[in-house]
Amino acid sequence: EAAVTQSPRNKVTVTGGNVTLSCRQTNSHNYMYWYRQDTGHGLRLIHYSYGAGNLQIGDVPDGYKATRTTQEDFFLLLELASPSQTSLYFCASSGGTGYYEQYFGPGTRLTVL
Amino acid sequence: GDSVTQTKGPVTLSEGTSLTVNCSYETKQYPTLFWYVQYPGEGPQLLFKVPKANEKGSNRGFEATYDKGTTSFHLQKASVQESDSAVYYCVLDASSGSWQLIFGSGTQLTVMP
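These protein sequences, in sequence, are chains A and B.
Residue 98 in our numbering sits at position 98 of the first sequence; the count goes up by one each step and never skips.
Residue 30 in our numbering sits at position 30 of the second sequence; the count goes up by one each step and never skips.
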């Protein structure tokens, strides 16, 4: 069974604060993704990676950094958090792009006050 | 650019009634089309995918036909159950070089017993 875990599951911070969201996958997948989910927008891709040390920009990257330290671990960094970044964040992994299935984690709810 | 438009929710049905969630897409290439489902408190998961035009996909009683002529991929189920209550996303893989997934805005379905 594919497995993607995220931590923390909930996070509250203040405007200007630093936040790191963590994701680990045990699927031996090359690709990992960070999405944000907002009402009326579905899921929007922030950053993705196709291997350790690689980073690709997604559709809504402003205000976010990411780092892929190993094949298993992918981190999303918010260095100066703003209320507009209050959202539900999902990590996913896949064996490739295009028609490959993506496996999602349970999500991290971030609130920026 | 690539885009997906689907039925705006929420949709509320009684058990045993039929479901149609409309989905239309725009793209310059020949995408793979997907339906993902998201149950409360979980990340999205693949319901099924169809990589070729004019073919049908199905799973758990849900089905959709990839209609290249009308650029549609409507989700249907003949008789819904309370356990089908979830958010349904129509998705395509982008025609740009990244081949990443483009999600529709999602349709919230609630099935009443």
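Possibly wrong hints are sitting among the right ones.
Not close to chain B: a few residues of chain A, all C-beta gaps over 10 Å, as computed [as the list claims (entries may be wrong)]:
| hint | residue |
| --- | --- |
| 1 | R24 |
| 2 | G40 |
| 3 | H41 |
| 4 | L43 |
| 5 | L45 |
| 6 | Q85 |
| 7 | A92 |
| 8 | T97 |
| 9 | Q102 |
| 10 | V112 |
Okay, the calculated bits of chain B under chain A, using three or more residues with CB under 8 Å as the criterion [stated by the list, open to error]:
| hint | stretch |
| --- | --- |
| 11 | 30-42 |
| 12 | 46-55 |
| 13 | 71-82 |
Simulated from the structure, these hints should not be mistaken for lab results.
The beta carbon of each residue, even a glycine, is placed where N, CA and C say it ideally should be.
Going through the hints against the structure:
no.: 1; hint: R24; verdict: 14 Å, holds
no.: 2; hint: G40; verdict: 6 Å, violated
no.: 3; hint: H41; verdict: 6 Å, violated
no.: 4; hint: L43; verdict: 4 Å, violated
no.: 5; hint: L45; verdict: 6 Å, violated
no.: 6; hint: Q85; verdict: 19 Å, holds
no.: 7; hint: A92; verdict: 7 Å, violated
no.: 8; hint: T97; verdict: 4 Å, violated
no.: 9; hint: Q102; verdict: 7 Å, violated
no.: 10; hint: V112; verdict: 21 Å, holds
no.: 11; hint: 30-42; verdict: holds (count 3)
no.: 12; hint: 46-55; verdict: holds (count 3)
no.: 13; hint: 71-82; verdict: violated (count 0)
Comparing the model with each earlier hint shows violations of hints 2, 3, 4, 5, 7, 8, 9, 13; every other hint is respected.
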